[in-house]
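Chain order of the listed sequences is A and B. Going by this note's numbering, the first residue of the first sequence is number 9, and it counts up by one from there. Going by this note's numbering, the first residue of the second sequence is number 98, and it counts up by one from there.
No wet-lab data here; the hints were simulated from the structure. Every value quoted in this text rests on a predicted model; they were computed, and no experiment measured them. Each residue gets a CB set at the ideal place from its N, CA and C atoms; glycine is no exception. One or more of the hints may lead you astray.
[What the hints assert, rightly or not] Label pairs and their computed distance ranges (CB to CB):
no. : chain 1 : residue 1 : chain 2 : residue 2 : range
1   : B       : K317      : A       : R88       : 52 to 60 Å
2   : A       : G135      : B       : I365      : 52 to 60 Å
3   : A       : L71       : B       : R391      : 50 to 58 Å
4   : A       : E124      : B       : I300      : 31 to 39 Å
5   : A       : S211      : B       : P286      : 25 to 33 Å
6   : B       : P231      : A       : Q154      : 44 to 52 Å
7   : B       : P398      : A       : P142      : 43 to 51 Å
8   : A       : Q154      : B       : L293      : 44 to 52 Å
9   : A       : R88       : B       : A394      : 51 to 59 Å
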Amino acid sequence: MSKEPDAGLSRRRVLAVGAASLATALPAARSEAQPAAAGNASDSPGGLVHAVSFNVNGSEQRLDLDARTTLLDALREHMRLTGTKKGCDHGQCGACTVIVDGRRINSCLSLAVMHEGARITTIEGLGTPDKLHPMQAAFIEHDAYQCGYCTPGQICSAVAVLDEIRAGVPSHASESLLDRPQANNTEMRERMSGNICRCGAYSNIAEAMAEVAGRDV
Amino acid sequence: MKPFTYERASSAADAADKAGRAPGSKFIAGGTNLLDLMKLQIEAPNHLIDINGLDLDKIESMPDGGLRIGALVRNTDLAADMRVRRDYAMLSRALLAGASGQLRNKATTAGNLLQRTRCPYFYDTNMPCNKRQPGSGCSAIGGYTRQLGVVGVSDACIATHPSDMAVAMRALDATVETVRADKSSRAVPIAEFHRLPGDTPHIETVLEPGELITAVTLPKAIGGKQYYRKVRDRASYAFALVSIAAVVQPDGSGRVAVGGIAHKPWRIEAAETNMLRGAKPVAEQLLADARPTRANAFKLPLVERTLAAVLAEART
Ligand SMILES: Cc1cc2nc3c(=O)[nH]c(=O)nc-3n(C[C@H](O)[C@H](O)[C@H](O)COP(=O)(O)OP(=O)(O)OC[C@H]3O[C@@H](n4cnc5c(N)ncnc54)[C@H](O)[C@@H]3O)c2cc1C
Ligand code: SF4
Ligand code: FES
Ligand code: FES
Numbered sequence: 009m010s011k012e013p014d015a016g017l018s019r020r021r022v023l024a025v026g027a028a029s030l031a032t033a034l035p036a037a038r039s040e041a042q043p044a045a046a047g048n049a050s051d052s053p054g055g056l057v058h059a060v061s062f063n064v065n066g067s068e069q070r071l072d073l074d075a076r077t078t079l080l081d082a083l084r085e086h087m088r089l090t091g092t093k094k095g096c097d098h099g100q101c102g103a104c105t106v107i108v109d110g111r112r113i114n115s116c117l118s119l120a121v122m123h124e125g126a127r128i129t130t131i132e133g134l135g136t137p138d139k140l141h142p143m144q145a146a147f148i149e150h151d152a153y154q155c156g157y158c159t160p161g162q163i164c165s166a167v168a169v170l171d172e173i174r175a176g177v178p179s180h181a182s183e184s185l186l187d188r189p190q191a192n193n194t195e196m197r198e199r200m201s202g203n204i205c206r207c208g209a210y211s212n213i214a215e216a217m218a219e220v221a222g223r224d225v
Numbered sequence: 098m099k100p101f102t103y104e105r106a107s108s109a110a111d112a113a114d115k116a117g118r119a120p121g122s123k124f125i126a127g128g129t130n131l132l133d134l135m136k137l138q139i140e141a142p143n144h145l146i147d148i149n150g151l152d153l154d155k156i157e158s159m160p161d162g163g164l165r166i167g168a169l170v171r172n173t174d175l176a177a178d179m180r181v182r183r184d185y186a187m188l189s190r191a192l193l194a195g196a197s198g199q200l201r202n203k204a205t206t207a208g209n210l211l212q213r214t215r216c217p218y219f220y221d222t223n224m225p226c227n228k229r230q231p232g233s234g235c236s237a238i239g240g241y242t243r244q245l246g247v248v249g250v251s252d253a254c255i256a257t258h259p260s261d262m263a264v265a266m267r268a269l270d271a272t273v274e275t276v277r278a279d280k281s282s283r284a285v286p287i288a289e290f291h292r293l294p295g296d297t298p299h300i301e302t303v304l305e306p307g308e309l310i311t312a313v314t315l316p317k318a319i320g321g322k323q324y325y326r327k328v329r330d331r332a333s334y335a336f337a338l339v340s341i342a343a344v345v346q347p348d349g350s351g352r353v354a355v356g357g358i359a360h361k362p363w364r365i366e367a368a369e370t371n372m373l374r375g376a377k378p379v380a381e382q383l384l385a386d387a388r389p390t391r392a393n394a395f396k397l398p399l400v401e402r403t404l405a406a407v408l409a410e411a412r413t
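Could you put the whole structure together from the sequences, leaning on the hints where they help?
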């Protein structure tokens, strides 16, 4: 039946091998799908492989990617930034949330090639174990997770939510569309509804956010 | 996803021209509906034309007092625009009731109008579905129909259009502006933009292949108290079972469009002459030709009660 990988072979290495075999398989796939475009340089409209450059957590990246690669897979499989998680891969859970040009998005429903020139911040770019982002510290303080799988997405989303409230963006929970929204518990819960937590850490997440927002809930 | 080629368009006319030359291609805007469906191979374009760089992301005030919303304006930005919040409040409210913060940051005006149904059988590629595969049959008829349509349905399809935004735009008499591959442009009233399923549920709008939406325009603001009330299975991040977009004027007259019940935002202008007499006669006229199933017949009283709640709120 299915062979277990060598005990010495880490998951990382299995992934790297997987990615390499994908890369070698591509030219064949390309010539099958688009005979006219076979073998042409990357970035030509007829090709399946495209060059894309963006800034991730402060460092410039240039990747050659199959156009199908989502931003999530580019981060995880091509840049080894595995902090960002794949939950549903369909925009339904928020585990893949990253901040692009100051806005939170679902990286699973976006193609990497669509982000030429973008500034992308993932959980790895918010803080480091030695120098945590205030939201990361507050999540630890308030026990705002159990298994932790949704947590990178929750934290990226939470950071962006406080920016949205500061910028005056209204929400479904805002009583008035004309007043400035408040950083209260009702607003935070509504704005975080795109981040599902299977462990149900919601109330502690809202408390962590309230602490960072500098208000009581 | 099936392999596809990819290019960026340099202008609206260029995008339409490129699409006209590449049968089987699709525009990609926010990607939040298209990529979801491409992953399931329900959509399988052989070529994607990325329109994100185009200059269609502005909201302009028009000389006639209306608003022109670029096709690429993100749902978040449209909902947060002060002119929309003040003069077209039901549109802000409808947008904010849809999807999640992350999705609204990507979702665009045109993409939202063109999002496809959430019928569970449309998503289940193991089941027949006339919309996904014309002529294969409809699994929903005789199946699980709780979320599906009750008016304007056909024997081929009973799906609903899932957009919240479009319901408010229907009540606001919006117009959809487009450009075609031959560079001609046209303006389609939103009432005529989405189609009923009939025998061809796979054809959802009047857009021609390769036709690009450039903007949606709203006429001069009509004032009144504006509402968007959405009833759903959980308080946030769920599609509507029923939704009501309404404007109520100080004299009690007004407009009503209903979401969650049909293949398009549902509005019958003649029903609005009954607004002064309350929710019941309006709902009766809106739902006169309803063909509900046992599982979704609850939507009929729910429309009336949701409208009654809105009218009661308008009186306070
Ligand atoms: C989990 C989840 C929950 C959601 N909940 C809701 C909800 O509660 N309410 C709601 O209303 N919506 C909801 N949505 C749907 C969301 O609003 C749509 O996915 C979004 O609006 C689509 O916009 P987009 O720009 O991403 O479109 P895309 O995915 O880029 O495109 C959609 C379609 O429009 C076409 N298109 C795009 N722009 C143009 C143009 N300018 N001219 C011609 N064709 C064009 C594309 O070719 C494609 O066929 C939800 C989505 C998800 C994933
Ligand atoms: S209702 Fe329409 S979308 Fe749903 S299964 Fe039937 S044909 Fe397909
Ligand atoms: S993995 Fe992107 S939303 Fe679930
Ligand atoms: S902490 Fe386990 S899913 Fe949220």
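Structure-based check of all given hints:
1. B/K317 to A/R88: 52 to 60 Å: holds (55 Å)
2. A/G135 to B/I365: 52 to 60 Å: Because 55 Å falls inside the window, the suggested range holds.
3. A/L71 to B/R391: 50 to 58 Å: holds (53 Å)
4. A/E124 to B/I300: 31 to 39 Å: Check passed, 34 Å falls within 31 to 39 Å.
5. A/S211 to B/P286: 25 to 33 Å: At 47 Å between Cβs, range violated.
6. B/P231 to A/Q154: 44 to 52 Å: holds (47 Å)
7. B/P398 to A/P142: 43 to 51 Å: Between B/P398 and A/P142, where Cβ atoms are some 49 Å apart, the hint holds.
8. A/Q154 to B/L293: 44 to 52 Å: holds (48 Å)
9. A/R88 to B/A394: 51 to 59 Å: The hinted range 51 to 59 Å holds for A/R88 and B/A394, with Cβ atoms some 54 Å apart.
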